[in-house]
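S.K.: Residue-level listing of the chains:
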Amino acid sequence: MSQPSPLQRVSLDTWAVLLAFAAALLVRFGVLTNIPW
Amino acid sequence: MANSAVRTSAPPAPAIAPRETTAPVRAAGLIPGILLLAVVGYAGKFIEHFIAAYGKAHHLVLPNIEYVLWAILIGLAISNTIGVPAIFRSGVATYEFWLKAGIVLLGARFLLGDVRRLGGVSLILIAIELALALTFMTYLGRAFKLKPKLVTLLAVGSSICGVSAIIAAQGAIDADEEDSSYAIAAILLLGAISLFLFPLVGHVLHLSDHAYGLWAGLAVDNTAEATAAGALYSDAAGKIAVLAKTCRNATIGFIVLGYAIYWASKGQADEVKNKGAFLWRKFPKFVLGFLLISLLATVGFFTKPQLAAVGNLSRWAFLLTFAGVGLRTNLRELSKQGARPFIVGAVGEIVIAVITLGLVFGADHVFHL
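Here the protein sequences come in this chain order: A and B. The working numbering numbers the first residue of the first sequence as 24 and each following residue consecutively. The working numbering numbers the first residue of the second sequence as 0 and each following residue consecutively.
Next comes chain A alone, as it looks inside the complex (with noise of 0.2 Å):
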């Protein structure tokens, strides 16, 4: 059996953090401004 790739190896909770931080940080440093509810 193949080994599982490096991305397949990042459990979905980990995903999940990282895509929250990324938007995070986009916001901080002001690419994402705006965000309407």
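Honestly, I wouldn't trust all of these hints.
[Said to hold, decoys possible] Derived list of chain A stretches under chain B, where covered just means 3 residues or more per stretch with a C-beta under 8 Å from a C-beta of chain B: (1) 37-48; (2) 51-59.
[Said to hold, decoys possible] Stretch-level coverage of chain B by chain A, calculated; a stretch enters the list once three of its residues show a Cβ under 8 Å from a Cβ in chain A: (3) 197-204; (4) 218-225; (5) 294-306.
Simulated from the structure, these hints should not be mistaken for laboratory data. All of these numbers come straight from a predicted model, not from anything done at the bench. Don't be surprised by glycine CBs; every beta carbon is placed ideally from N, CA and C.
Following the hints, put chain B in place on chain A, whose structure we already have.
M.R.: Just chain B now, with coordinates in the frame of chain A:
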């Protein structure tokens, strides 16, 4: 998602496509389902606004029903009538991913002081709920003569965090897939029912946002349903429900480790060699993400408008989640999973919900939560 076996009517498309496909192709396969989540969630938001605008224009006092309920109802209507076509399924299954991302981002709306303000009383109530649910479900399952590992799965699912805890425990104690399917079905069906019952009870008893949120976070087992049940009451209640539920989730590694050691001692599961690594593997990382964002918010890393923007990102992530809760719930499929685990789950959940309601109600009156 691991729980797709009980949530869809047709054989579910795997959330992760076969290994031959490349990552970009797999990611592209998620797009239709994610768009469906967005459409259903946004339709819920549109209906909420439409009703409010209609009432205002015609000078009518109409009940303010949150988009959360509309999104779930639209999702339920689709999945229980025409069904979710195969092309959408893998994308719809990402709703738990959006839930976790949303919880991390929600950290920006809590300064660490707020997290601490959840308070010693609330933390004691969470500990009581855990002990009560584990003990009661174990005895109830034995009384109904369910298989011992199914009893463990039901106890873990009802005490900690529903589906994730059951999946984590299934691997750790070598339980049958069928057992975990039963346990997941019972937890999900009861979660769906509690979405509608909890806000009603909360309004009848005039619970404060804090008390109701704490109750929803304590008594509703699956994180998505607990978040939705809280948000259905009010925004503030939703925040407290997530916080209380996150505290329960944080114990997952310890409880599962305890059961893994227990079953290994009986020779019915693999021995846990490295307990530290086991705990880290089972620990929900989004809890750490939530605390880290909350820490950043506390030390002033974000300005006030930025905090509001991050908070709104969290709301959009939850909008996708709530649409997914409805779209992934097939009531006919859930009811096929057998009566006895459901009866044990239902009796246990009702007892736990009533006792935690009593505890929260009492604590609210004595300590003014």
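S.K.: Under the constraints set out in the numbered hints, which ones does this structure not fulfil?
M.R.: 3, 4
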